[in-house]
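**Student:** Let's have the full structure, built from the sequences with the hints guiding it.
Line by line, the protein sequences are chains A and B. The numbering of the first sequence is the numbering used here, which starts it at 1 and goes up by one. The numbering of the second sequence is the numbering used here, which starts it at 1001 and goes up by one.
Note that these hints are calculated values from the structure, not bench results. Any given hint could turn out to be false.
Said to hold, decoys possible - Cut-off 30 angstroms, straight-line C-alpha distance, at most; resulting in silico cross-link-like pairs (DSS-like, lysine-lysine):
hint : chain 1 : residue 1 : chain 2 : residue 2
1    : B       : K1507     : B       : K1459
2    : B       : K1583     : B       : K1607
3    : A       : K161      : B       : K1022
4    : A       : K161      : B       : K1459
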Amino acid sequence: MIAMGAKGFFTDTTVCIGCKACEVACKEWNQLPDDGMFFTAMSYDNTVSLGASTWRHVAFIERPVPLGGQTTAHGISWLFMSDVCKHCQRAGCLENCPTGAIVRTEFGSVYVQPDVCNGCGYCIAGCPFGVIDRRAGDGRAWKCTLCYDRLRGGLEPACAKACPTDSIRFGDVDELRATARARLEQLHARGVTEAYLYGEDAARQPGTEGLNAFFLLVDRPEAYNLPPDPVVPTRKIAPAWLSLAAAALGMAAAAVGAVASSQERGHS
Amino acid sequence: MIQGSNMAECHPVGFRWVMEAKNRGATIVHVDPRFTRTSAVADIHVPIRAGSDIAFLGGIVNYIITHERYFRDYVVHYTNAAAIVSPDFQDTEDLDGLFSGYNPETRHYDMRSWEYEGQQRSPVVETHQEYHELTGEPWSEGPPQARAEHYDETLQHPRCVFQIVKRHFSRYTPEVVEQICGVPRDLFLKVAQTLCDNSGRERTSAFCYAVGWTQHTVGVQYIRTAAIVQMLLGNMGRPGGGILALRGHTSIQGSTDIPTLYDLLPGYLPMAKGQYDADFGQYAFHNTGRAGTWSSFPAYAVSLLKAWYGDAARADNDWAFHYLPHITGNHSHLMTVAAMADGRVRGYFVMGENPVVGTVHSALHSKGLRALEWLVVRDFAPTETVEFWRTGPEIARGEVRPEEIKTEVFFFPAAAPTEKDGSFTNTQRLLQWHHKAIEPPGDCRSELHFMYHLGRRLKRLYAGSADPKDRPILDLVWDYPTIGAIAEPDAEAVLREINGYTVADGKLLSRYQELNDDGSTACGCWIYCGCYAGGVNRPARRRPRTEQTWVAPEWAWAWPSNIRLMYNRASADPGGRPWSERKKYVWWDAEGGRWTGYDHPDIVEAKPPSYRPGPDAEGMDLLSGTDPFSLHADGKAWMFAPAGLVDGPLPTHYEPQESVIRSPLYGQQCNPARLEWDRPDNPYHRAYNDPRFPYVLTTYRLTEHHTAGGMTRWLSWLSELQPEMFCEVSPELAREKGLRNGGWATITTARGEIEVRVLVTDRIPPLRLEGRTVHQIGLPYHWGSRGLVRGEAANALLPFVADPNVSIMESKALTGNIEPGRRGRGRRVVTSGPIVPPLDHDGAPRDLRPPASGAGSGKRPRER
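**Tutor:** Structure follows, in structure tokens:
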């Protein structure tokens, strides 16, 4: 369980202007290498996805449909969304990690200890969002740290600090939830009826038990390359073990029964 | 209204406040050829043909007048709408696109018919005309002298400004807007209504623009049209109103206030002119305003000369006025580069700029650099401008060999802002101090260091000279204290000099009204006077907003006199009462007998609203208590400009130098006063319907890179975000030309050819214009041949052609062609010869009079 006062992000995509200051601030603070210089021709997105060296990533979604409340001549819209590690309340990467390299910090964030990680890669399979990845040439797993070093120093994470429009808000998750719900009501009142929150709590996203970094979106999750119903794989371990145990018990019972009956026959 | 600007992408930090306003209920309108990151978060996006904004804004002017949506009390009292204009004035409506006074031989206007009726003719206007006749240069700058003699406050007189404006814009109907701009009329009407509904006593609207408006052959008039809209709606000098010029760098405002421009001295004092400003008396006579702030011109000029030449500036030697360099014509950037290419310039300093990528026609610029004796570049990295002799496209293709270039190149590594003290002056005239955080590495030095030590060495070089021509260097006061091991000049000492002081006892001045014309004061820039008052570095103030009023006067310092909103007298009605409680800002305190309010009032504080000048009034006293615009001699905002512009007193839609359509309005196709460079290495396309160049091109910036890339293309974190030069085209154009998303294309103009990647997007939609489809091609211009990420420079495609008022290039609207594939070899007309065969005959005149000969564009050479 998460300690009281977990910290996280509320990313409101409706005020994002796609400036990528978050991507750059993240790389600068964390001294991350570039991901290569490749022109993708996918709108203005040339870093493509989150990865071992890109811990904030801005998605650009060009749509042939207008956004609620907006007037355009040709009925188009352009959505921006700064994606990040969700710091799931139930984190698949953490639960998959066999070495104990991935830990839950005092800020409720999920942190990879680079000096412990042995690069086994089990965490990668454990993340339903495809966030964590191993870095080529290094081998270890990397992802957003929620700027653990900055939080220890009383500073907010670099991305939130750099965001010029407060699309990325950092704070206590409880407070962010209240902020997000108020913002959602405001948008609905203004005609942006398609707006909704993604992953704000366990009730809405049981597969992760809620995200410490949750989002306000205006299109279905798949448009942003997010899973519609993410489930942390380890959530299935208990039921799996239970059914395995049931099956084992059944088999054991059958075996015992078989032996008993044969003994009975032998004795008879 | 954001138009001529992609504010979210180019000014993302300032755009924070646009989003804040939107969150509080403001409606954001974005008018732009492309659907950009600004459009994405706007409430209304209006796609428009690049180069047609005057028609769109003119349509709004016509809508406001036709539907009587103007703010009548504001218009009558605070603008020159009621002023009666000379009967000699003839409009473009009368002369098929020309104003009265046009001389087709010189292609300049005689501005005398644009004056007010019966106006006491300003001697300056006469002498401006003399100057023009003497030098061939148009000139209408200097302090506006004009004061109308006759007013009709009913606005009914057929020659009053209001009626002239009404007639002039009457043809800009929604249908004409659709025809010229390609904007559907319903969408146009929605914008016009939205703007009018949000203006008046209770509400105000603001315009934001940037180089999308300025970089046209008729750029200044774009902004004038917006000014007329804002005057009619009463949106100037009031909170939430105004026209915000978004400047392209942190301190571009500062670099015009204390200018890097050839024709200005600090504080917008005109540069001394050739034979014309023969002595200080002439200079002061030519530039002193009849009334208002400019009536104290001699005090500003003498104080500047005292700051620069100290004891050597005396009354008996004309304040050392003859030490100042005198200009002899247009020495603007493009003029200088063309002269350079012709071997008429010896040396060139380039600081904080990468002109080979950043300015138009980069091949012609390179040609200029090859003809220099020496070139000094200060930058963070060896840019294309530094390496033109080694890695330029002409070198790479073997057309020019480095060993044949005699230019000696000096590259000086520059210190970053974090490595030096100094100030930035931002878009809203706010001076903000920045402190040095770390020492610059290695040989990196600040500009201040470079200029100071260069000056010091020059003084040493000339020490002991008896030659009178060396006096300006020897007598220059150049005594800034230095700090630290690298002898960095103390930036605060420079700020003190800019602030000004009394010569006798060195007491710091606190306001520009304290400046004198008798040599008792020294001041480096009169509009900055007071920024260091009391020995306090006011630009360094950082009092949080929670500890002061919402106007935040103690956050940094704004010029002039820490006024945050200029002309704020207009925020109150003629009687001095706020127009509304909601828009209350400054007002007349009758009991206290003074102006007061949230901001420093931009009017003489003790001048009551009822004040009217007597027959003997002079200077500031000539302005009444209802005149908010004190930089004008009549205190009014000018819908009709009786002086100050060289291409007309009113804005008129002209097509760009290269257009896809014949002007539907007039026989006169282009701005008749535009600056052209008629030379073989700068060919123009047909004025319209050029079969070789059927598409509209427009250039722009992206968030991820900074202008010509000197600060960004050497950084991996920025380079990976936009790693290659590309063009943006619509799916319709892609289908028509066989362009593939992510593939290659070659874009051609008569100046050059570049190959680029293709980004196919619905965000640059084709427009319907006169029943046909017009395609526009978008070109970011950040890349060059050096850096981590490379690409061909879009500006290689652009011609030398410019606005006549300010000599700025036209880079936002031109024509060109696109073909799929990498067939281009980067040919450029300067070294490859003609890129396209000339047309057999060119039946598309730009100007009303037919050209004298058939060669080229048929224009007389504009260079001397």
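**Student:** Are the hints correct? Go through all of them and say.
**Tutor:** Verification of the supplied hints:
no.	hint	verdict
1	B:K1507 to B:K1459	holds, 28 angstroms
2	B:K1583 to B:K1607	holds, 22 angstroms
3	A:K161 to B:K1022	holds, 21 angstroms
4	A:K161 to B:K1459	violated, 48 angstroms
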